[in-house]
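Heads up, the sequence shown is in this note's numbering, so the first residue is 119 and it goes up one at a time.
Hints are computed from structural coordinates only; laboratory data are not their basis.
Only a predicted model underlies this, so the values are computations on that prediction, with no experimental measurement involved.
Every residue, glycine too, gets a C-beta built ideally from N, C-alpha and C.
Errors might be hidden in some of the hints.
[Claimed, not checked] Per label pair, the in silico range of CB-to-CB distance: (1) Val-254 x Tyr-166: 35 to 41 Å; (2) Leu-240 x Asn-220: 28 to 34 Å; (3) Asn-245 x Arg-286: 41 to 47 Å; (4) Ser-242 x His-269: 30 to 36 Å; (5) Asp-199 x Gln-158: 24 to 30 Å.
[Unchecked claim] Taking lysine to any residue pairs in the SDA-like style, the calculated list, with each CA pair at most 20 Å apart, reads: (6) Lys-134 x Leu-240; (7) Lys-236 x Phe-191; (8) Lys-219 x Trp-265; (9) Lys-285 x Glu-192; (10) Lys-134 x Asn-262; (11) Lys-291 x Gly-168; (12) Lys-285 x Leu-210; (13) Lys-126 x Lys-154; (14) Lys-213 x Glu-232; (15) Lys-228 x Glu-151; (16) Lys-154 x Lys-219; (17) Lys-236 x Arg-128; (18) Lys-285 x Ala-169; (19) Lys-244 x Gly-147; (20) Lys-134 x Glu-252; (21) Lys-244 x Trp-265.
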Amino acid sequence: MKVDFRIKQRDGFDGKMGELVSMLEYSRGILLEDIKDLSQPDLDFIAYKGANSIGSLLMHIASIDFVHQVITFEGRDLNDDEYTQWESALFLGEKARDGIKNQPLNYYTKVLFETREKTLSLLSSKNEEWLFEENVWDNGVLHNNYWLWYHVMEDEINHRGQIRLIKRLLVSKKSPVNL
Numbered sequence: 119m120k121v122d123f124r125i126k127q128r129d130g131f132d133g134k135m136g137e138l139v140s141m142l143e144y145s146r147g148i149l150l151e152d153i154k155d156l157s158q159p160d161l162d163f164i165a166y167k168g169a170n171s172i173g174s175l176l177m178h179i180a181s182i183d184f185v186h187q188v189i190t191f192e193g194r195d196l197n198d199d200e201y202t203q204w205e206s207a208l209f210l211g212e213k214a215r216d217g218i219k220n221q222p223l224n225y226y227t228k229v230l231f232e233t234r235e236k237t238l239s240l241l242s243s244k245n246e247e248w249l250f251e252e253n254v255w256d257n258g259v260l261h262n263n264y265w266l267w268y269h270v271m272e273d274e275i276n277h278r279g280q281i282r283l284i285k286r287l288l289v290s291k292k293s294p295v296n297l
């Protein structure tokens, strides 16, 4: 993968929307590069009691993308079917450890690709002003669409760091000398 270290406009996206998309694409590209050689046992590896697997973290990243699509483009929360589909990935923990496993890498990359493609399609339908539209959560906290999509990227980068740590623990586990 050739990395472009410039935040710039993207064709088909209005103003700051293109810059946001540039950052989202960069973050996703680095994530995909980091996981490209992982095996199914690597994706299911639990480093310690209570930890999440890389597979669970990948599904969590996709779930955050999906949830923010619903919140920002449809102006609603998840319905019961969506909640059931994404619950373990959203909240991670025991349900994710029990339910998100035994899948090959292409399963996770397909879900990541499909959710992000929908995000990009939806973002391309909005203008820059949409990013700055303000809303208020039930607790009175103000937010705008720009912050919500920044949060999607921030969450992905955070979990990419966890994935890198788990990969180091995997190397240590496979090494004759445990670190």
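Worksheet item: Which earlier hints can't be squared with this structure?
Response: Going through the list in order, the structure violates hints 4, 8, 9, 13, 14, 19 and respects the others.
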